[in-house]
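S.K.: Here is what each chain is made of, one letter per residue.
There are 2 protein chains.
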Amino acid sequence: MTPRTTFISGSTRASIEADATFLELAQRAGISLPSLCGGRGKCAKCRCHPQGPSSEPTPLERELLTDEELSRGIRLGCQARPRGDVTLEIEEEVLDKGDYVEVAVTPDPSVRKVYLTLPVPALHDDLADIERIRNALGRPVAVSLEVLRRLPGLLREGEFRITATLLDHAGSEELLAVEPGDQRDGAYGLAFDIGTTTVAGYLVDLQTGKEIARSARLNGQQPWGADVISRASHAMEQRDGLQALQAAVAGTLNQIIEDCCGGVDRGQIYAATVVGNAVMHHLALGISPASIAVSPYVAAIRDGLSLRAAEIGLCLPNARVDFLPLIGAYVGSDTLGVILATGLDESPEIQLAVDIGTNGEMALGSRERLLACSAPAGPAFEGGEIRYGMRATTGAIDRVRIGDDVDIWTIGEAAPRGICGSGLIDALAQMVQRGIVDPRGRLLPRPQLEGRLPAKVLDRITDRDRSWEFVLSWEPYVAVSQQDVRQLQLAKGTILCGIRVLMDELGIQADQIRRVLLAGAFGNFIDKRSALGIALLPSEIPAERIQGVGNAAGQGSRMSLLSGKIRARAEAVARRVEYFELSKHPRFEEIFVESLQLTD
Amino acid sequence: MTPRTTFISGSTRASIEADATFLELAQRAGISLPSLCGGRGKCAKCRCHPQGPSSEPTPLERELLTDEELSRGIRLGCQARPRGDVTLEIEEEVLDKGDYVEVAVTPDPSVRKVYLTLPVPALHDDLADIERIRNALGRPVAVSLEVLRRLPGLLREGEFRITATLLDHAGSEELLAVEPGDQRDGAYGLAFDIGTTTVAGYLVDLQTGKEIARSARLNGQQPWGADVISRASHAMEQRDGLQALQAAVAGTLNQIIEDCCGGVDRGQIYAATVVGNAVMHHLALGISPASIAVSPYVAAIRDGLSLRAAEIGLCLPNARVDFLPLIGAYVGSDTLGVILATGLDESPEIQLAVDIGTNGEMALGSRERLLACSAPAGPAFEGGEIRYGMRATTGAIDRVRIGDDVDIWTIGEAAPRGICGSGLIDALAQMVQRGIVDPRGRLLPRPQLEGRLPAKVLDRITDRDRSWEFVLSWEPYVAVSQQDVRQLQLAKGTILCGIRVLMDELGIQADQIRRVLLAGAFGNFIDKRSALGIALLPSEIPAERIQGVGNAAGQGSRMSLLSGKIRARAEAVARRVEYFELSKHPRFEEIFVESLQLTD
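These protein sequences, in sequence, are chains X and C. According to the numbering used here, the first sequence is numbered sequentially starting from 3. According to the numbering used here, the second sequence is numbered sequentially starting from 3.
Treat the hints as calculated values from the structure; they're not laboratory data. Any given hint could turn out to be false.
Straight-line Cα separation of at most 25 Å, SDA-like style, residue types lysine to any residue; simulated pairs [said to hold, decoys possible]: (1) 567/C with 458/X; (2) 530/X with 593/X; (3) 530/C with 547/C; (4) 530/C with 473/C; (5) 567/C with 183/X; (6) 586/C with 59/X; (7) 586/C with 162/X; (8) 586/C with 124/X; (9) 567/X with 174/C; (10) 586/C with 567/C; (11) 586/C with 121/X; (12) 458/X with 435/X; (13) 586/C with 507/C; (14) 567/X with 142/C; (15) 586/C with 128/X; (16) 586/C with 120/X; (17) 586/X with 158/C; (18) 530/C with 403/C; (19) 47/C with 524/C; (20) 586/X with 126/C; (21) 586/C with 122/X; (22) 44/C with 530/C; (23) 530/X with 386/X; (24) 44/X with 59/X; (25) 567/C with 143/X; (26) 586/X with 124/C; (27) 586/X with 120/C; (28) 586/X with 380/X; (29) 212/C with 158/C.
Please model the entire structure based on the sequences and the hints provided.
M.R.: As C-alpha cells, then:
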C-alpha cells in the first residue's frame, strides 16, 4: 500500500498517494510548504504537524527541533514521510498555489440551476412529470433516460418544489438533474489532467470559481508500463487489454472523486473536463490507441467530445464530461491546456511552452500563428536508460557543482542512490563548462585533461570497460558514463530540434521568443542555467525569460471547466494550432544533427 | 418449459411460445391456417405437418385423416399441439396475415446507408478517423462513444472502404454504424408491441418494407402478476422490483430479437419502435409506474422518446429505439398504434376503435377531432372473477346457443373445463334474448319462467346458495351465476359507458359511427351480434359495421418503423387526441348506470 497524504488548509484539500517526504509530496500536490533551503534540512522552515503514521525522526530533525516540538509530533517536511494515511493541516496563509500559473477566470458555467414550483397533478391536470418542468421553464429541454428514471420519485419527494439543473449543450438545453427543494447553491465541477504517471483532479465551485479540493494519484495503469507506448501495446495486443486500461484509469478518476468529495454531494457535480495526451485520452474513452501508436499516427477523434460520466465509468450520476480536443496524435489536450493557461494563443509576443517528459510536447507562437510539435525525447530525463538513473525520489542526486572537487546534493539529504533528470542536466552542464565533455558530447580521456582540472576532479575521470566515465560519488558509487552522455544528448537534441524546427517554420530567431514556459513538475526543478548550458533550450535565450509554470495543463482544464467561453476558445485554438510532424521538415536531419551539439 | 412453435413460410418466420393447438397458435402469431369450421374438428382443412414433438393423435384425427397421412405425420391444426420445440412449414400461398389490417407503407426510413471510399492516412495526412468520414460526407455528423470505440478497427479492416449508416434524428445526423466494405443492402428494423400478456415483434427490411420474420412470446413479467396493477405494485413496493421487471421485459425483447435474427446480422438492425400501454412503456424504460398507478394518474413522460438500444438492455449494438408517445396515463402508445393502423386520424367519417381487455382503451372520431379514453373493465372478459371463467384455451366454452336445449362449443372440441370471454358474451346474449336474464341483469327465478322456455332449458335454471344460476354443462358442471352476470354487466357497462361518454363529448349519435374496429385477439373472437345483444357496443350500430382488426397496435408500430413521416404523424396524433378522463364527465354516473342495462 502506497501511503496517502492529505493536505488541508481552510476549505481546500489536496491529496496525493506516493512515498516521499511531506515537502516533496506537497510540491507534487501543487502546494508549497515554506522552505528556504530547498529541502536540504537546513532552514527548518518546513515545520509541520502530520496526523497519522509517519517515519521515525531523523538525526537532523533531532538536531533542529526542540524536545518539546518532537514530543508534540512536530516534524520537518523535508525529512518526515508518511507510513500510512496521513493528514497534514496547513495554515491558510502558508498555503501557496504558486507552482502553477493561476489565471483569473470569470465563472461562466454552462450549468444553471433554477428553482421551480410546479403545479401538483390532479384529475383535471394530467400533464406528465417532464411536461410540468418544460412548461415551468417555458421551453423544451432534452432529458436522458437516467434523469427520467429518477424524475417521478424526486418530484414527489420535493412535493413539486424542485431545483432543476440545466446544461447548455451544443445550442440546446438538457435537464441534467432534479433535486427536491431549493438546492440552487450547490454546483460543482471537476477538472482532470490525466498524465501517464500522475492523474490530478481539482474540485471547484462552478458559481464562484473557488477551489474546494484537489487530489493527485498515480495513474492506475502503472502495472501496464510506465510510458504511453507500452500502454498502447498492451491495449493492442492483449485480449481485453483496452478494457483493463480503461477501467484502471476510470478507477483512478473515481478515487480522486472520492478524495475530493469530503464535504460535497457528488450528485451536485455537474461538469467535468479532461485533458491528457492522445494515448491517455483514447484509453480513458476506451478507444484503441493503435492508430496513434503506429505510423502514420492518426487519432480516432481529435474534436472535443461531450458525454455522460457513466459512459466512461465515472461515479458522477449527474455529470457530463468534456474531453478537450486533441491538437494532433502526439500533441494532446494537455498541451492545449498549457496554451490556454499560459495564454500563448492571446499573446501579442512570441512565446514558447515546453512540457519536457518522455515525450516532449511544445507550442510556439503568438495570437498571430501557433505551431506545435511532439519530440520523442525518450526516458533519459526521467532517469531511464541511464546507468545510475532514477526518478526524482529520495537519494537521487539532483544538483551537481564542480569546483576543486565535485559537490553533490541529493533529495532528502540522503546517501546518493542514483541520479535524476535535473541532476543529470546539472552534471552534464558542469562537465561541459569544465571541458570534461566537449561540445560534440565526447567525454575526454583523462590524459587529455591532465593539468587542466584540479587533481580531485581529474581523478574522477575513470576508465571502465574501455570507455571513460565521470564519478559523482565514490561511496556509494554513482557515475555518468559516455553512454549516458549520448543518451542525454539524444534526448536534449530531440527537444531542441523540435524548438528549432518550429522556429524555422515560424521564421523567427531565438531572441524573438519573449518567454519560455516550462510546464510540468520537471520544468520547476530544472536549473535554467544548466538547461541553457547544455543547449536543451536555444542558448541565445536569456535565463530570466525562462519560467516554470507547474501543472499548466491541469490549470487549462480547470479554466475550461469554469467557462463556456474558454471551452469555445479551446475548440478554436485546437483547430488553429498547426500540428507539425517534425520529420516532415525538409531540413529535419540537418537540424537534428546540429541540435545534438551541447553548445550552440 | 412452455413449448415453442415456429411457423415458416418462404422467408417469413413467426414464433410463439404457448401451449395450445397449432391452429390457435398460428392465429395468435398472426398467421391463419386455413379452416372452414373454425377449429371445431370438422372440415379437416387445417391439415399440417409439424416437425418436432407433438401430442398424440386424437380420435377425431384418426377419423378424419387417412392411415397414410397419419404415418407421414400429417395432423389437424385444430387438434394437435406442440410438446416441445416444433417447426411448422406452411406453403406460401396458404400463409395469410389477414388478422391485422395491412396498410401499405412506402418505406421512408430515417436510416440511410452510404458507401464511402476514404483517403488512407499518411504522414502528410493526419486527419482523425472520424474527420475522414465527415469530410467524405461533406457535413458534420454526431457520433456516439460506442461507434467511436469500434471506428479505428472497422476503418482499417475495410481498408478505408466502408459503409456508413446515418440516422436522421431530430434534424441532425448521427453516424449509427460503420461496416467494412460495401454493405448498403442490409438495413433492418424491429417493431415491437409490448402487451401485458404477449410481446410481439416484427423484423422488417427498412428499404423494401418487406417482413422478414415475426415472433410472439409471453411477457417475461408474468411471474409478477397478470395485470398492470400487480406489476406496478411490485415495482413500487419491492426493493429492486422495478429493475427486475425492466430486466424481465428486456429479456423477452431479446428472445424475440434472437427468434427473428435467423438470417439477419443483428448489427444491421438500426431501428426499433415500441408501443404498449403506459405501465408497460414505463417498465420497459425502467421508469417507476407509481404515479400512473395511483390517482391522479400521471405519467413521467408522454412524448416520444428516442434512445440507444443498449440503454434499455437490448442486444442490438447499432440500433436506436423509438418509444412512440403515450396519449395519456391510461391510453398508451398501443392505442396510438391502433389509430395509425386503422387510419382514424385521417378518416373523413367518424370511426370507433376499441381494444377490449382488462383495461379497455378506445378512440372515437375522425380527422376533425379525436377523443380517447380508458375504461377499467376488469378481468371478466378474460374469465377473471367469473366462477367457471378461464382463458381462451382448450376446454373453454367459446360459443353458446339456446334452442330447445343448450348447445355449447369448446376450444379444441374438448370436454368443457370452463368458459372464456367470448363464450360468456355469447351465453349472456342468448340468456337475454330468451328472457332468462332481464335487461337490468337479473337472472329470473325458474318459477317466473315456467311455460316460457322449453323444459330442458328451464331445468338448467337451478338454485344454488339461495341464488339462481344457469347451467351450461351438467357433466362436467359449468354454469353462469347471478354474480357472474353482474361482473359481466359491470365490465360491459364500463366499456359502453366509455363509448357513450366519448359520443356525448363529440356530440354524435351511434348511427353516425361508420365503423367499429375491434383491436386485439379478443376482438377477432367476439360474436358481433352477441356483443350488440348485451349492449357491449351501442345496439344502434349495425353488425356489418363491426370489424375485427387483430393486432393493430403492432401494425401501427411497424408503420412507424418504416416511415419517418408516419412517426411524425404519430407525434402529431398523440398531441391531437384528447384524452378524456371518464369520471370528469358531468353526467358520468348517470351514463354509467344507463350503460349497465343489457339492452339499450
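S.K.: Regarding the pair residue 586/X and residue 120/C, is the alpha-carbon distance no greater than 25 Å?
M.R.: Holds, at roughly 23 Å.
S.K.: When you check the alpha-carbon spacing of residue 530/X and residue 593/X, does it fall within 25 Å?
M.R.: holds (23 Å)
S.K.: Take a quick look at whether residue 586/C and residue 507/C sit within 25 Å of each other, Cα to Cα.
M.R.: holds (11 Å)
S.K.: Run the distance test for residue 44/C versus residue 530/C: straight-line Cα separation, threshold 25 Å.
M.R.: holds (23 Å)
S.K.: Assess, step by step, whether the Cα of residue 530/C is no farther than 25 Å from the Cα of residue 473/C, and give holds or violated.
M.R.: Distance ~23 Å between residue 530/C and residue 473/C Cα, so the pair holds.
S.K.: Is residue 458/X within 25 Å of residue 435/X, Cα to Cα?
M.R.: holds (17 Å)
S.K.: Tell me if the straight-line CA distance from residue 586/C to residue 124/X falls inside 25 Å.
M.R.: holds (11 Å)
S.K.: Given the proposed pairing of residue 586/C with residue 128/X, does the C-alpha separation stay at or below 25 Å?
M.R.: The hint holds at about 12 Å.
S.K.: Can the restraint linking residue 586/C and residue 122/X be considered satisfied, given a maximum Cα separation of 25 Å?
M.R.: holds (18 Å)
S.K.: Hey, residue 530/C versus residue 403/C, does the alpha-carbon distance stay inside 25 Å?
M.R.: holds (14 Å)
S.K.: Can the restraint linking residue 567/C and residue 183/X be considered satisfied, given a maximum Cα separation of 25 Å?
M.R.: violated (41 Å)
S.K.: CA of residue 567/C to CA of residue 458/X, is that 25 Å or under?
M.R.: violated (91 Å)
Violated hints, in rising order: 1, 5, 6, 10, 29; the structure is consistent with all others.
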